[in-house]
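Colleague: These protein sequence lines are chains C and H, in that order. Residue numbers for the first sequence follow my numbering, so the first one is 1 and each next one is one higher. Residue numbers for the second sequence follow my numbering, so the first one is 1 and each next one is one higher.
Accuracy of the hints is not assured; some may be wrong.
[Unchecked claim] Keeping only pairs whose Cα atoms sit at most 30 Å apart, straight-line, the calculated DSS-like set for lysine-lysine is: (1) K107(C) <-> K270(H); (2) K113(H) <-> K32(H); (3) K133(H) <-> K113(H); (4) K88(C) <-> K22(C); (5) K32(H) <-> K54(H); (6) K271(H) <-> K107(C).
[Said to hold, decoys possible] Just so you have them, the derived chain C footprint on chain H, three or more residues with Cβ under 8 Å: (7) 178-186; (8) 203-216; (9) 222-230; (10) 277-288.
The hints are simulated quantities; they were obtained by calculation from the structure and are not laboratory data. Source: prediction; values computed, not measured. In this text, a Cβ means the ideal position worked out from N, Cα and C, and glycines have one as well.
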Amino acid sequence: MQMHISTHDGVPIYQQIVSQVKYLVASGRLTPGDELPPIRALAEQLLINPNTVARAYRELETTGLLTKRRGAGTYVADTGSPLARAEKMRLLAQRADALLVEARQMKVAIDDVVRLLHERQDALDPGIKEKRS
Amino acid sequence: MTVPLDSEYVLEVAGLTRRYGAKAALDDIWLKVPRGAVFGLVGENGAGKTTLIKHLMGLLKPQFGSVRVFGRDPVIDPEGALSRIGYLSEDRSMPLWMSVTELMGYTRAFYPKWDQTFADELRETFALDPKAKVRHLSRGERAKLGLLLALAHRPELLILDEPSSGLDLAVRRHILTAIIQTVAEEGRTVLFSSHLLDEVDRVADYVTMINQGQIVLSSTMDEAKEAHHRITLRFAESQRRMPSLPGALFCEGSGQEWSVVCNGRLEELKKAAESAGAEILAEQIPSLEDIFLAHASNAPRAAKEED
Numbered sequence: 001m002q003m004h005i006s007t008h009d010g011v012p013i014y015q016q017i018v019s020q021v022k023y024l025v026a027s028g029r030l031t032p033g034d035e036l037p038p039i040r041a042l043a044e045q046l047l048i049n050p051n052t053v054a055r056a057y058r059e060l061e062t063t064g065l066l067t068k069r070r071g072a073g074t075y076v077a078d079t080g081s082p083l084a085r086a087e088k089m090r091l092l093a094q095r096a097d098a099l100l101v102e103a104r105q106m107k108v109a110i111d112d113v114v115r116l117l118h119e120r121q122d123a124l125d126p127g128i129k130e131k132r133s
Numbered sequence: 001m002t003v004p005l006d007s008e009y010v011l012e013v014a015g016l017t018r019r020y021g022a023k024a025a026l027d028d029i030w031l032k033v034p035r036g037a038v039f040g041l042v043g044e045n046g047a048g049k050t051t052l053i054k055h056l057m058g059l060l061k062p063q064f065g066s067v068r069v070f071g072r073d074p075v076i077d078p079e080g081a082l083s084r085i086g087y088l089s090e091d092r093s094m095p096l097w098m099s100v101t102e103l104m105g106y107t108r109a110f111y112p113k114w115d116q117t118f119a120d121e122l123r124e125t126f127a128l129d130p131k132a133k134v135r136h137l138s139r140g141e142r143a144k145l146g147l148l149l150a151l152a153h154r155p156e157l158l159i160l161d162e163p164s165s166g167l168d169l170a171v172r173r174h175i176l177t178a179i180i181q182t183v184a185e186e187g188r189t190v191l192f193s194s195h196l197l198d199e200v201d202r203v204a205d206y207v208t209m210i211n212q213g214q215i216v217l218s219s220t221m222d223e224a225k226e227a228h229h230r231i232t233l234r235f236a237e238s239q240r241r242m243p244s245l246p247g248a249l250f251c252e253g254s255g256q257e258w259s260v261v262c263n264g265r266l267e268e269l270k271k272a273a274e275s276a277g278a279e280i281l282a283e284q285i286p287s288l289e290d291i292f293l294a295h296a297s298n299a300p301r302a303a304k305e306e307d
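One chain only, chain H, in its complex shape:
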């Protein structure tokens, strides 16, 4: 992948902070999303992913910091930004009294670039009854309809907030396929949030991890994988708890065998493990889930020792 120029960033978030009372929902968030990327936003429920996405959509005004979508402020210039975005919200709110066809016609009016042929194709692929009322659609059908509405104007930027949440495998496949097709077409960009790390691992080329409103990791997927290591240690004697090792983000295990995830500082950690009397049994690339758990468990809230 080529390194994008500054002007190639579709989204730029600088120092974005939002407080609800004493609680910081977002704390000094900095992000740049290059054109053509699939950008995965991960974090536990309540980490701040939806709040961040609402700022990108201009649904919330930054208290501190700034948000730029295609170089524009989505609060001041919503038409300039939003007409180029396809958005699937987390709650998928839709007018319940409309039929599928009516809602398609209604949404079409907002988007000059709406492609009716493509919309009809998607409706066929998703097996949506054109006459069915939204209120009678299942959860999966509503998700597919929401996805159709987000895709049918062939947006330059597709933003999906927890698109797979609570859906069966068949619908999740449609969503992943939509992401892949969007990015396969020259220059289009996807940002999606998910707690399904397997999906993020498969399709994202950038990953940003948010924990309690703060970014704990933000890089390309390859860099994230290369920076983190998982090593399995075997101690001569059973350990009641893991000796503290420099650079270790996360330890799990019991007795003689422990596994440790670290971010960089691999040699230092291996040396310390050996001088603590441990043999290194294996060295692996961690999965995105390992990395996520390591960072999540390393957050201030969870910093207290076990036992």
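The shape of chain C in the complex, shown without the other chains:
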């Protein structure tokens, strides 16, 4: 499991783990039933306090994204789509906010940003263009 921890922007490390696990699940790189590394192994890999990893896992269990099997580690929960639409939209909203703030600072109008999003979508997947127009 690839994660990156930064101590420069002040975001608490457990929150960085929580949002990266959510991202890995949302993007399909972690799927229901996948096992997460043991607390101690992930702490050693990321060079962080094991209590921090434990706290992130606890938080993810509370939200239902992860589930603990007694004495057998921590897994991505398989109860339906664990990352509810609301959660996906919340993650995207953060990205959207960052984009909008930058656009505002560069004095780019919202219509141009929306147009840019469509352009980028077309660039990523040329097939969609015909459908929309």
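Position chain H against the provided structure of chain C, taking the given hints into account.
Modeller: Chain H in isolation, oriented as in the chain C frame:
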């Protein structure tokens, strides 16, 4: 993390003061280190971190106040306290004429709980030549050997004084891994001093900041992060210097954009900034480095105005 009972404190320092002439190297230090914690001690060079650690090790006798290690006075009862501590000193002084194996054997004699299998494993991991003389070891190898000697008796308390100072990334990884492994094993405690705030931010769950012999901040890492805020302000007009704002520990910037670090009192500060004609552009959690710089620059010595 559960709140420890009083008896769960591995280290207790109460009103510790030490003067060298007129200068207070330590000024009324109070600390409690709970069992199982990773306790980070930060401060500039000469702030008093090493002097404090020497008191914990019983190498200095308190002039005022008291030090308790596992409930014992390390000066009066050194065996009771020190046999349970693994210590890596700042200067890493070791007998230069001994080989790695000889020094391991020598150190083993002091610690009934020495684990030779573990010691040999560490020597392998650290790639230390058993026959090499200490005098021929590089700086990094000496640090790894010092760490091995501190760890091999599986101490209940590991005290590392500036363990990463002057070392390359590979050796620093070994040190951080050792801290993580120590605390991952039930009930063991680590206290380490460092000026590398990134390392402290990663592994410490408690942080104490010392400046000129005084504690300027002491709390859990989470509390320290929650109490401090960093806000970015934009003024309508260019400011030659930042208007003084209540609760602001530290300001930096120029012209129209300034950033301010405060400790608590966020709403009060935001209100004052707005009435001074500033727009609040961003509100962030500061990094430990921001917090450290804010407190260090706020010390009496640096209190004089800029320009």
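Colleague: Now tell me, hint by hint, if it's right for this structure.
Modeller: The hints, checked one at a time:
1. K107(C) <-> K270(H): 25 Å, holds
2. K113(H) <-> K32(H): Holds. K113(H) to K32(H) sits at ~26 Å (cutoff 30 Å).
3. K133(H) <-> K113(H): 25 Å, holds
4. K88(C) <-> K22(C): 9 Å, holds
5. K32(H) <-> K54(H): 16 Å, holds
6. K271(H) <-> K107(C): 27 Å, holds
7. 178-186: With 4 residues close enough to chain C, the hint holds.
8. 203-216: holds (count 3)
9. 222-230: n = 3 at 8 Å, threshold three: holds.
10. 277-288: Held - the region 277-288 of chain H has 5 residues with a Cβ nearer than 8 Å to chain C, which meets the minimum of three.
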